[in-house]
Amino acid sequence: MTQILNDFPNIASLRSALDSRKISSVELTQTLLNEIAAQTKLNAFVDINTELSLAQAKSADEMIASGSATALTGIPIAHKDIFVTQGWHTTAGSNILKGYKSPFDAHVVEQLLQVGTVSLGKLNCDEFAMGSGNEHSAFGPAHNPWHPKVVPGGSSGGSAAAVAAGLVMAATGTDTGGSVRQPASLCGVSGIKPTYGTVSRFGMIAYASSLDQAGPIARSAHDLMLMLDSMSNFDSRDATSIQTCRGVANQHGRVKQDFTEHDQRFQNLGAKPFAGLRIGVPEEYFGPGLDNGVAKAVEAAIAQFEALGAQRVSISLPHTRLSIPAYYVIAPAEASSNLARYDAIRYGHRTEQYTDLTDMTARSRSEGFGAEVQRRIMVGTYVLSHGYYDAYYLQAQRIRRLIAEDYQAVLGPQCDVILGPVNPTVAPPMGKTDQSPTAEWLADIYTLSLNLAGLPGMSIPCGFAPGFDGSSLPVGLQLIGNYFEEGQLLALAHHFQNTTDWHAQRPKHSEKGAV
Amino acid sequence: MNWEVVIGLEAHVQLSTASKIFSGSPTLFGSAPNTQANAVDMALPGSLPVLNRGAVERAIQFGLAIGADVSPRSIFARKNYFYPDLPKNYQISQFEIPVVLGGSLSFSVDGQPTTINLTRAHLEEDAGKSLHDNFPGPHGEASTGIDLNRSGTPLLEIVSEPEMRSAAQAVAYARALHNLVVWLGICDGNMQEGSFRIDANVSVRPLGQKEFGTRTETKNVNSFRFLERAILFEVQRQIEVIEDGGKVIQETRLYDSDRDETRSMRSKEDAHDYRYFPDPDLPPLIISPEWVAEVQANMPELPQQLSERFAQTYGLTEVDTLQICHNRETAAYFEVVVSKLPTNQGKLAANWLNGEVLAALNRDNLDIDVCPVKAEQLAALLNRIVDNTLSNKIAREVFAAMWVGESGGEPDSIIEAKGLKQINDSGAIDTMVDGVLAAHPAIVEEYRAGKQKAFNSLVGQVMKVAQGKANPQQVNEALKRRLDC
Chain A
1 MTQILNDFPN IASLRSALDS RKISSVELTQ TLLNEIAAQT KLNAFVDINT ELSLAQAKSA
61 DEMIASGSAT ALTGIPIAHK DIFVTQGWHT TAGSNILKGY KSPFDAHVVE QLLQVGTVSL
121 GKLNCDEFAM GSGNEHSAFG PAHNPWHPKV VPGGSSGGSA AAVAAGLVMA ATGTDTGGSV
181 RQPASLCGVS GIKPTYGTVS RFGMIAYASS LDQAGPIARS AHDLMLMLDS MSNFDSRDAT
241 SIQTCRGVAN QHGRVKQDFT EHDQRFQNLG AKPFAGLRIG VPEEYFGPGL DNGVAKAVEA
301 AIAQFEALGA QRVSISLPHT RLSIPAYYVI APAEASSNLA RYDAIRYGHR TEQYTDLTDM
361 TARSRSEGFG AEVQRRIMVG TYVLSHGYYD AYYLQAQRIR RLIAEDYQAV LGPQCDVILG
421 PVNPTVAPPM GKTDQSPTAE WLADIYTLSL NLAGLPGMSI PCGFAPGFDG SSLPVGLQLI
481 GNYFEEGQLL ALAHHFQNTT DWHAQRPKHS EKGAV
Chain B
1001 MNWEVVIGLE AHVQLSTASK IFSGSPTLFG SAPNTQANAV DMALPGSLPV LNRGAVERAI
1061 QFGLAIGADV SPRSIFARKN YFYPDLPKNY QISQFEIPVV LGGSLSFSVD GQPTTINLTR
1121 AHLEEDAGKS LHDNFPGPHG EASTGIDLNR SGTPLLEIVS EPEMRSAAQA VAYARALHNL
1181 VVWLGICDGN MQEGSFRIDA NVSVRPLGQK EFGTRTETKN VNSFRFLERA ILFEVQRQIE
1241 VIEDGGKVIQ ETRLYDSDRD ETRSMRSKED AHDYRYFPDP DLPPLIISPE WVAEVQANMP
1301 ELPQQLSERF AQTYGLTEVD TLQICHNRET AAYFEVVVSK LPTNQGKLAA NWLNGEVLAA
1361 LNRDNLDIDV CPVKAEQLAA LLNRIVDNTL SNKIAREVFA AMWVGESGGE PDSIIEAKGL
1421 KQINDSGAID TMVDGVLAAH PAIVEEYRAG KQKAFNSLVG QVMKVAQGKA NPQQVNEALK
1481 RRLDC
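Those protein sequence lines, which keep their order, are chains A and B. Numbered continuously in the numbering used here, the first sequence closes out at residue 515. Numbered continuously in the numbering used here, the second sequence closes out at residue 1485.
Chain A on its own, in the form it takes in the complex (with noise of 0.2 Å):
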């Protein structure tokens, strides 16, 4: 089968071909979705409700034709299953929200819609967020759609894999603890997860409040930036929504005028367009249990910024091992009370045998939610107990701010940007996540420090590496700004994309990808 979203390589193409009326939109969502309906096994979508999606294009090729469509109008997008849709249902891949609706739209639902975008449907994840794998949904595992044997990693898999096989030109995620940047990393594309507070919350189903942030995944540096300065403004709705981004309002088209500024910069720098730039290499990022094959990339695509003018330098950040623990502390204890209110009592999955309310609540959560999430309820409900909070959860946060101090001993003084894995490995196969569930936890060694921090960070495509049968995977790039620096970042994968095109490489057995 052709893949219609093969002929363009990013939006602003699709963009030009819906605006010359080369395709409609409604034609491009029809295809798409008899794709989608044939590419069942990489089991990316979740709910697809096509008369919506159809609708929704009707609407942008009435935008296109009176002349108010945007950067974004036509787009097919789609969301992860943390965002609460009314036209799909939500389960933020759970048994326990089998069949839920909400009666609301997610505030980054809403944005994109009213720019135009067209939504697919909903995107398989781990269930409630929880994993790096997509193995822990409801739904069964997400394929990666590079290898029919290896998770497209999590918890976004379902969003990096369906941008990854072309059944959509962007899709939302999550970013709790790396979820956007690392299924973005193994399934060969582009992720960012912006500073905590720029996006709002307001109907992205909780996970762990305080680190919980959404972020896009596309193809390429500038369709990120097209999708999140969408995404991207205050809403009053999210008391830890910012509304000034140091000095600059939260709203549409700052993410967006501030990557025009800084890709004016570079540009003007003509070949060395990275000139000045002082890029920090983390010495705890190339440590123990990296692979060596993504260390390769990752070095190669470190000489490539050299090579556009930066100046390496090396850089320490010392309590890097710490945020394991910490992660592991505070999620878990969040999660552990925001789940609270899944009990069956006012909606969600009941069970049919039950002798009173404890036990109907009981039996209702241990059968509707997975062995991952109930370890870290259990965790969770753990380091809050009294006793425990003080050696735990208090411990964490202390860990929690060194972690944040770290970053800002050399962001500014020492580097501007910090780049590095995003992953220790490759896409790990399928089906080991089971037997050891804290060996999951500790791949995320590189991803999870930033959610503590709050800091914005991404994720690019920057080279291949053999994978568990030595088959060629593809390794991403992290890359790491200074607070509100999205803009910079964008700006800076954008111009290393310009040079290199990893971002460019295509799966080409995404019809072998489904098993």
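For the record, the hints were derived by calculation from the structure and aren't laboratory data. Watch out, some of these pointers could steer you wrong.
Unchecked claim - Computed list of chain B residues with no C-beta within reach of chain A, every gap over 12 Å:
{"hint": "1", "residue": "Arg1205"}
{"hint": "2", "residue": "Gly1246"}
{"hint": "3", "residue": "Pro1278"}
{"hint": "4", "residue": "Val1295"}
{"hint": "5", "residue": "Leu1358"}
Said to hold, decoys possible - As a list, the in silico DMTMM-like pairs of lysine to aspartate or glutamate whose alpha-carbon atoms are at most 25 Å apart:
{"hint": "6", "chain 1": "B", "residue 1": "Lys1079", "chain 2": "B", "residue 2": "Glu1251"}
{"hint": "7", "chain 1": "B", "residue 1": "Lys1079", "chain 2": "A", "residue 2": "Asp390"}
{"hint": "8", "chain 1": "B", "residue 1": "Lys1079", "chain 2": "A", "residue 2": "Asp359"}
{"hint": "9", "chain 1": "B", "residue 1": "Lys1374", "chain 2": "B", "residue 2": "Asp1412"}
{"hint": "10", "chain 1": "B", "residue 1": "Lys1079", "chain 2": "A", "residue 2": "Asp356"}
{"hint": "11", "chain 1": "A", "residue 1": "Lys432", "chain 2": "A", "residue 2": "Glu372"}
{"hint": "12", "chain 1": "A", "residue 1": "Lys296", "chain 2": "A", "residue 2": "Asp390"}
{"hint": "13", "chain 1": "B", "residue 1": "Lys1129", "chain 2": "A", "residue 2": "Asp416"}
{"hint": "14", "chain 1": "A", "residue 1": "Lys98", "chain 2": "B", "residue 2": "Asp1085"}
{"hint": "15", "chain 1": "B", "residue 1": "Lys1374", "chain 2": "B", "residue 2": "Asp1425"}
{"hint": "16", "chain 1": "B", "residue 1": "Lys1079", "chain 2": "B", "residue 2": "Glu1096"}
{"hint": "17", "chain 1": "B", "residue 1": "Lys1210", "chain 2": "B", "residue 2": "Glu1004"}
{"hint": "18", "chain 1": "B", "residue 1": "Lys1219", "chain 2": "B", "residue 2": "Glu1318"}
{"hint": "19", "chain 1": "B", "residue 1": "Lys1210", "chain 2": "B", "residue 2": "Glu1243"}
{"hint": "20", "chain 1": "B", "residue 1": "Lys1340", "chain 2": "B", "residue 2": "Glu1318"}
{"hint": "21", "chain 1": "B", "residue 1": "Lys1451", "chain 2": "B", "residue 2": "Asp1484"}
{"hint": "22", "chain 1": "B", "residue 1": "Lys1219", "chain 2": "B", "residue 2": "Glu1004"}
{"hint": "23", "chain 1": "A", "residue 1": "Lys256", "chain 2": "A", "residue 2": "Asp501"}
{"hint": "24", "chain 1": "A", "residue 1": "Lys101", "chain 2": "B", "residue 2": "Glu1096"}
{"hint": "25", "chain 1": "B", "residue 1": "Lys1129", "chain 2": "A", "residue 2": "Asp359"}
{"hint": "26", "chain 1": "A", "residue 1": "Lys101", "chain 2": "B", "residue 2": "Asp1085"}
{"hint": "27", "chain 1": "B", "residue 1": "Lys1129", "chain 2": "B", "residue 2": "Asp1110"}
Unchecked claim - FRET-style restraints, in silico, Cβ to Cβ:
{"hint": "28", "chain 1": "B", "residue 1": "Pro1136", "chain 2": "A", "residue 2": "Ala12", "range": "40 to 48 Å"}
{"hint": "29", "chain 1": "B", "residue 1": "Pro1283", "chain 2": "A", "residue 2": "Glu110", "range": "19 to 27 Å"}
{"hint": "30", "chain 1": "A", "residue 1": "Pro103", "chain 2": "B", "residue 2": "Asn1134", "range": "26 to 34 Å"}
{"hint": "31", "chain 1": "B", "residue 1": "Asn1134", "chain 2": "A", "residue 2": "Arg398", "range": "50 to 58 Å"}
{"hint": "32", "chain 1": "A", "residue 1": "Pro288", "chain 2": "B", "residue 2": "Arg1266", "range": "26 to 34 Å"}
{"hint": "33", "chain 1": "B", "residue 1": "Gly1102", "chain 2": "A", "residue 2": "Gly387", "range": "51 to 59 Å"}
{"hint": "34", "chain 1": "B", "residue 1": "Tyr1081", "chain 2": "A", "residue 2": "Gln30", "range": "27 to 35 Å"}
{"hint": "35", "chain 1": "B", "residue 1": "Pro1283", "chain 2": "A", "residue 2": "Ala12", "range": "36 to 44 Å"}
{"hint": "36", "chain 1": "B", "residue 1": "Asn1134", "chain 2": "A", "residue 2": "Ala55", "range": "23 to 31 Å"}
Idealized CB from N, CA, C, for every residue including glycine.
Could you slot chain B onto chain A? The hints should help.
Just chain B now, with coordinates in the frame of chain A:
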């Protein structure tokens, strides 16, 4: 043995905001179940709390009124426990750093001035209600209904120090607190609807002992009378337990007004571990000095300040001002009345308000804001006393007519219609006096023989002739003139 009673009270005061503390749904009482609960109140996936500034302003008002510290930075925490009418299965409350710290409340118990210190006051949300009315469930079985209308209603939990030493003192504190929050307008004070709820922490110890005894917490007390009954019962129970060689168990108890007793609800052993932690959905509550100043500027004059001003301006006694300043409406009524009287007649206004008006209100079970005699009308009546048109006695008669709305409640019309105008004409009075003296020579004799009581009898006879309308002072003078010459 002599026992000392130790009482501390926790009040849950429902704040008078139009919408809930973390959502935009209304806080009205008595709506059909679940008609004023939105996504936040029902804890739907993806919903988030947003703090209502009006609730914070009311907390600041309370803090200022009791001379407490208003925390420049306080924290909302999650109190985690599973309960079917608590939709998130955690309550957003304040734990380590509350919005109001310290302060004190002064009031009098049996005329004795008393001051009780407060520990803290914190903002939190109320839960919904479980309706154990055997609703038919999905399969026709008896089920419990959940009404989330109250879910998310703003509460200020006000905690006193354990400084009260008798049920009477505790009730006086609770009344003073109730009076204050209603005065401030931060609570409607309706105890039947649960707007003002009290939990009593009670313990006993041998008189002279320093350490506190083991306390129990009694909940579900929804009137001042029940509060007194519950404390008295609990004190007696604890003393009996100890005197019988037992130990008081730290527990939560429920007051049952039908049986007039408290009974165990749960003991400390099965107390919840609430796993408090700062709510990551809500940033710290920052209260700037400017915000406090703004709230202060819009606050009503407090009862204490008003009492002092009334006492000074109108020469009133503490008993007078205590009644007038019982609530804002009474004080406002008083201010209107005195504003329409000569400046030296404040005492007259106070006497009438605290006497005739309050008695009539109590008799008819009315609040002063629906008083049938408006403040302006009372002032018009009192002015007829001041200008000698009416005696006090006749004025009461006019007042009674005003109360039932005769002649539109206007005193002058009533006086006219009933011919109640006081007789101040000295010639007319002299004639009446002369007539009485001539008709009652025996009494005149008694008076001349030194019997003072005979004089009063003669006054009474004159008034009888005058149908009560003669100016009493002039009658006195005329009689004296005739008899003592």
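Structure-based check of all given hints:
At the 12 Å boundary, the C-beta of B:Arg1205 stays outside the reach of chain A, the nearest C-beta of that chain being 27 Å off. No Cβ of chain A comes within 12 Å of the Cβ of B:Gly1246; the nearest lies about 28 Å off, and the non-interface call holds. Interface exclusion of B:Pro1278 from chain A breaks down, the closest Cβ pair being 9 Å apart, not more than 12 Å. Interface exclusion of B:Val1295 from chain A stands, the closest Cβ pair being 21 Å apart, more than 12 Å.
At the 12 Å boundary, the C-beta of B:Leu1358 stays outside the reach of chain A, the nearest C-beta of that chain being 48 Å off. Our distance criterion of 25 Å between C-alpha atoms is met by B:Lys1079 and B:Glu1251, whose separation comes to about 19 Å. Taking the CA atoms of B:Lys1079 and A:Asp390, the gap is near 16 Å; set against the 25 Å cutoff, the hint holds. Using a Cα cut-off of 25 Å, the hinted pair B:Lys1079 and A:Asp359 holds, with the two alpha carbons roughly 22 Å apart.
Distance restraint check for B:Lys1374 and B:Asp1412: the Cα-Cα separation of roughly 14 Å lies within the 25 Å cut-off, and the hinted pair is therefore satisfied. Only pairs whose Cα atoms come within 25 Å are accepted, and B:Lys1079 paired with A:Asp356 is accepted, the gap being roughly 24 Å. Using a Cα cut-off of 25 Å, the hinted pair A:Lys432 and A:Glu372 holds, with the two alpha carbons roughly 13 Å apart. For the given pair, A:Lys296 sits about 42 Å from A:Asp390 by alpha-carbon distance, which is inconsistent with the 25 Å threshold.
With a CA separation close to 55 Å, the supplied pair B:Lys1129 and A:Asp416 exceeds the 25 Å bound. With a CA separation close to 22 Å, the supplied pair A:Lys98 and B:Asp1085 stays within the 25 Å bound. Taken as a hint, the B:Lys1374 and B:Asp1425 pair is broken in the structure, with Cα atoms around 31 Å apart against an allowance of 25 Å. Distance hint between B:Lys1079 and B:Glu1096 is fulfilled; the C-alpha atoms sit about 12 Å from each other, no more than 25 Å.
Only pairs whose Cα atoms come within 25 Å are accepted, and B:Lys1210 paired with B:Glu1004 is accepted, the gap being roughly 11 Å. Of the supplied pair hints, the one linking B:Lys1219 and B:Glu1318 is violated, its CA atoms being roughly 35 Å apart against a limit of 25 Å. A distance of roughly 19 Å separates the Cα atoms of B:Lys1210 and B:Glu1243; the hinted pair therefore holds under the 25 Å criterion. Taking the CA atoms of B:Lys1340 and B:Glu1318, the gap is near 23 Å; set against the 25 Å cutoff, the hint holds.
As the CA atoms of B:Lys1451 and B:Asp1484 are separated by approximately 13 Å, the hinted pair is consistent with the 25 Å bound. Between B:Lys1219 and B:Glu1004 the CA atoms are separated by roughly 22 Å; this keeps the pair inside 25 Å, and the hint holds. Distance hint between A:Lys256 and A:Asp501 is fulfilled; the C-alpha atoms sit about 23 Å from each other, no more than 25 Å. Between A:Lys101 and B:Glu1096, the direct Cα distance comes to roughly 38 Å. Violation of the 25 Å bound is thereby established for this hinted pair.
As the CA atoms of B:Lys1129 and A:Asp359 are separated by approximately 20 Å, the hinted pair is consistent with the 25 Å bound. A C-alpha spacing of about 22 Å is found between A:Lys101 and B:Asp1085, which places the hinted pair at or below 25 Å, so the restraint holds. For the suggested pair B:Lys1129 and B:Asp1110, the alpha carbons sit about 38 Å apart, so the restraint of at most 25 Å is broken. B:Pro1136 and A:Ala12 have their C-beta atoms about 60 Å apart, which leaves the hinted 40 to 48 Å range violated.
Evaluation of the 19 to 27 Å hint for B:Pro1283 and A:Glu110 yields a pass: the beta carbon distance comes to about 23 Å. At roughly 29 Å, the beta-carbon separation of A:Pro103 and B:Asn1134 lies within the given 26 to 34 Å, and the hint holds. The hinted range of 50 to 58 Å is satisfied by B:Asn1134 and A:Arg398, whose Cβ atoms lie roughly 52 Å apart. The supplied range of 26 to 34 Å is broken by A:Pro288 and B:Arg1266, whose beta-carbon atoms lie about 53 Å from each other.
The given range of 51 to 59 Å is broken by B:Gly1102 and A:Gly387, whose C-beta atoms sit roughly 29 Å from each other. Our hint of 27 to 35 Å for B:Tyr1081 and A:Gln30 is violated, since their Cβ atoms are close to 51 Å apart. Taking the beta carbon of each, B:Pro1283 and A:Ala12 are about 38 Å apart, inside 36 to 44 Å as hinted. Checking the proposed 23 to 31 Å range against B:Asn1134 and A:Ala55 shows it is violated: the Cβ atoms sit about 45 Å from each other.
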